[in-house]
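Could you put together the complete structure from these sequences and hints?
Residue numbers (this note's numbering), protein chains in the order written: chain A, 1 to 127; chain B, 1001 to 1127; chain C, 2001 to 2127.
Just to be clear, a hint being listed does not mean it is correct.
What the hints assert, rightly or not - Subject to a maximum C-alpha distance of 20 Å in a straight line, what follows is the list of computed SDA-like cross-link-like pairs (lysine to any residue): (1) A:Lys87 to C:Ala2126; (2) C:Lys2083 to C:Asp2033; (3) B:Lys1044 to C:Asn2005; (4) C:Lys2044 to A:Glu49; (5) C:Lys2044 to A:Pro64; (6) B:Lys1010 to A:Arg18; (7) A:Lys12 to B:Glu1050; (8) C:Lys2010 to A:Asp47; (9) B:Lys1010 to C:Lys2010; (10) A:Lys44 to B:Asp1047; (11) B:Lys1044 to A:Ile6.
Rather than coming from a laboratory, the hints here were simulated on the basis of the structure.
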Amino acid sequence: MPFVNISLLKGKSREHRRAIADGVHEALVETYDVPRDDRFQVIKDYDPEELIYDEQYLDIHRSPDVVFIHITASATRDLTQKKALFKAIADRLGVDPGLRPQDVQVIIASNERADWSFGNGVATYAV
Amino acid sequence: MPFVNISLLKGKSREHRRAIADGVHEALVETYDVPRDDRFQVIKDYDPEELIYDEQYLDIHRSPDVVFIHITASATRDLTQKKALFKAIADRLGVDPGLRPQDVQVIIASNERADWSFGNGVATYAV
Amino acid sequence: MPFVNISLLKGKSREHRRAIADGVHEALVETYDVPRDDRFQVIKDYDPEELIYDEQYLDIHRSPDVVFIHITASATRDLTQKKALFKAIADRLGVDPGLRPQDVQVIIASNERADWSFGNGVATYAV
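Shown next as structure tokens:
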């Protein structure tokens, strides 16, 4: 159900980027009622002039390892689940690829179950 | 009114990508109350490690031809129209560029009519 | 709080792109209750076949300078603020980099305050 867009700066290894994508997905499975095989992600790196971020908004000190994780998912989760998701993502990315928690930014965008077609021309969750 | 983001894997011809963009737009005109000249689309191709997708979630078998179509549009359409849109997109992309219906993924994100400015610094649909 | 995605055609200078990003952010600060240091933006340029736009939808004549500004922000602003934002963006981009108002397209996507984590694994605005 989720569609995930991950944005970060260029210069990281393929393994670094894969670890981020893997960790985000594992966190979704763990906390956000996402089946393990429900995985759809775009991970894109940018030149420094293309990805502009404040280095200390809210006194959170961000480094060039900063990553922006934009998650579109159905609006069926509550605040408890959102909090668990944010924590699980930061925890997992802290383990691999070893990101500081200050560098993990997450934005959730919610839609409805009727808004998804996973193929075959049907509203997958509304049939 | 819609703003459409299309994501697919690298290696397709310019004609293939244009056929996808054209087919999506025709489906929006046919089923989703979109004027023919209300067309705004970004179509971007990715390396395999940048576009991660499950090859059989929900027993739908996806190939490297898979395409993700993310549509932002005002929340004025009902479920009947969404179903018609999903079917029309899959049907049209099946004709040209000849995609299998399993490879056509659609995600709708809804906003409000007041959320659009099509130029001139005004809220186009709220004036 | 806002996460801003800016899309335009290739061929512009780094200064041109930076002026757009700066102007959008200043407009958000001026009209949309955004702190000055709450700045997170992706600005990406595209080949002409990747960025498809109608050149005269609604009799607004768009040129290859056209820019699409997609803003995700919490749904705490009213129509008056949205109108002010649209005007402020067009005005500022008219001054620098000198865009025609017809070339400034803005799309707002709203989420909730609970949908943001600006680091440290917490729901920043819901704690």
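Taking the hints in turn, this is what the structure says about them:
Distance restraint check for Lys87 of chain A and Ala2126 of chain C: the Cα-Cα separation of roughly 13 Å lies within the 20 Å cut-off, and the hinted pair is therefore satisfied. Of the supplied pair hints, the one linking Lys2083 of chain C and Asp2033 of chain C holds, its CA atoms being roughly 14 Å apart against a limit of 20 Å. Using a Cα cut-off of 20 Å, the hinted pair Lys1044 of chain B and Asn2005 of chain C holds, with the two alpha carbons roughly 14 Å apart. Among the hinted pairs, Lys2044 of chain C with Glu49 of chain A is consistent with the structure: their alpha-carbon atoms are about 9 Å apart, no more than 20 Å.
Distance restraint check for Lys2044 of chain C and Pro64 of chain A: the Cα-Cα separation of roughly 18 Å lies within the 20 Å cut-off, and the hinted pair is therefore satisfied. Distance hint between Lys1010 of chain B and Arg18 of chain A is fulfilled; the C-alpha atoms sit about 18 Å from each other, no more than 20 Å. Restraint check for Lys12 of chain A and Glu1050 of chain B: the C-alpha separation of about 13 Å stays at or below 20 Å, so the hint holds. A distance of roughly 14 Å separates the Cα atoms of Lys2010 of chain C and Asp47 of chain A; the hinted pair therefore holds under the 20 Å criterion.
Between Lys1010 of chain B and Lys2010 of chain C, the direct Cα distance comes to roughly 19 Å. Compliance with the 20 Å bound is thereby established for this hinted pair. The hinted pair formed by Lys44 of chain A and Asp1047 of chain B meets the criterion: a straight-line CA distance of about 9 Å does not exceed 20 Å. Taking the CA atoms of Lys1044 of chain B and Ile6 of chain A, the gap is about 15 Å. The hint holds against a cut of 20 Å.
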